[in-house]
Every structure is written in structure tokens, then in C-alpha cells.
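Each residue of the sequence shown is one higher than the last, beginning at 103 in my numbering.
Careful: at least some of the hints might be erroneous.
Here are the simulated EDC-like pairs of lysine to aspartate or glutamate, each with C-alpha atoms no more than 20 Å apart in a straight line [as the list claims (entries may be wrong)]:
id, residue 1, residue 2
1, K148, D209
2, K167, D220
3, K276, E248
4, K197, D164
5, K226, D205
6, K187, E248
7, K276, E145
These are calculated hints, taken from the structure and not from any lab test.
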Amino acid sequence: MKKLPLIFLFIGLVVGFISCSEEDENWNEYKEWRNTNNAWLTEQGKRLNPDGTRYYDTIRPDYDKGQYVLAHWFNDRKLTQGNLKPYYTSTVDVKYIGRLYNDEPFDSSYTLMADYGDSIFRTKVGRVIAGWTILLQEMHVGDSVEVLIPYQSAYGASGSGSIPPYSSLKFGVKLVNVPFWEIEE
Numbered sequence: 103m104k105k106l107p108l109i110f111l112f113i114g115l116v117v118g119f120i121s122c123s124e125e126d127e128n129w130n131e132y133k134e135w136r137n138t139n140n141a142w143l144t145e146q147g148k149r150l151n152p153d154g155t156r157y158y159d160t161i162r163p164d165y166d167k168g169q170y171v172l173a174h175w176f177n178d179r180k181l182t183q184g185n186l187k188p189y190y191t192s193t194v195d196v197k198y199i200g201r202l203y204n205d206e207p208f209d210s211s212y213t214l215m216a217d218y219g220d221s222i223f224r225t226k227v228g229r230v231i232a233g234w235t236i237l238l239q240e241m242h243v244g245d246s247v248e249v250l251i252p253y254q255s256a257y258g259a260s261g262s263g264s265i266p267p268y269s270s271l272k273f274g275v276k277l278v279n280v281p282f283w284e285i286e287e
């Protein structure tokens, strides 16, 4: 029985080594993509409105100041501030379109739900990428926003499906509803 913990330790070290090795390979393989994404995100963060104010607000969650998203609100937030606002544990109904930094689309609630005639995507706030979790907790029902998510708050060094590693993401998001809000704890 004393050998069993050593076997688990060995397996853990091997898995850790393999995952670090994959991340190192991605780091080198996607260097140009990563640098281009980072430069684009930095440039967008400096973007200004015609009146000289910042185009994007930087949202940093209190629980992790190392993560952030850039958000540009399309609606007057004063008009929605009294509407429901989701918690980390809330279920939300959203409409969205996701694009890479170069405007190449990779996902949309409109294409997901095309066969059903509705474009609503229902999810839990805490079960999506970190950038969405950060954003959704700042939104009120009725808010529409363009959000830019750095790769560290998206799919990181591994990517996902058609999203390459180190991809900064751009989403158009509308918070439609917070169903079951009154029964959430």
C-alpha cells in the first residue's frame, strides 16, 4: 500500500511534464499570432471616442485583479441600472456573436439556435470562460456590449476548437434575461 502514493505522484509528474511541454510548443509555434493578438488588444485599449474619452472601459473583478476585459457599452446604462443583474451562480439568457481579433467569426448564438428559431443561449455565469464571467456580473438585463477578452481570460495557451491558442476574443453580447433570479441563493 505504501507504493500506491508513489505511483500517483509519478503519474502526476508525468502528466504535468506533458502539459508543460505542450504549452512550451504552443508558445513557440504561435509566437507571431500571440504577438499580433497582444498588439491588437493594446491598441484597442487606447482607442478613444470622438470626444477624447476612452472607447472601452476596463473591468477588473475584485476577486482577481490580474484578469480583465475591455467593454464598450452600446446602450445608456442609466436606463438599465435598475434591471436584474446576475450573480456568479445565476443562470442567464444571452445573445452573442464571437470573433477573433481579425473579425473572423467562430461562434454565435444565432447559428447555434438557427434550427429552433431563437437565438437565446442559456448558461450559468460561472460556467463560461473567465472573460464572460467578469463581464456578465457587470451587466444588467437589457445591456448590449462589445467585449474584448485577452487570451488569459479566454482559452489561454491551449485554444479551443477553431480558436487558436493565445487568441484575444471579441464578442457582441446582449443580456436578455436572468431567469429564476428570484429563487437564486
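Hint by hint, here is what the structure shows:
Note on K148 and D209: the hinted pairing is violated, with a Cα-Cα distance of about 26 Å set against a maximum of 20 Å. For a cut-off of 20 Å, the pair hint linking K167 to D220 is broken: about 36 Å separates their Cα positions. Among the hinted pairs, K276 with E248 is consistent with the structure: their alpha-carbon atoms are about 9 Å apart, no more than 20 Å. Of the pairs offered as hints, the one joining K197 and D164 is violated, with about 26 Å between alpha carbons and a cut-off of 20 Å exceeded.
Taken as a hint, the K226 and D205 pair is broken in the structure, with Cα atoms around 26 Å apart against an allowance of 20 Å. Under the criterion of a C-alpha separation no larger than 20 Å, the hint pairing K187 with E248 is consistent with the structure, at around 18 Å. For a cut-off of 20 Å, the pair hint linking K276 to E145 is broken: about 24 Å separates their Cα positions.
Comparing the model with each earlier hint shows violations of hints 1, 2, 4, 5, 7; every other hint is respected.
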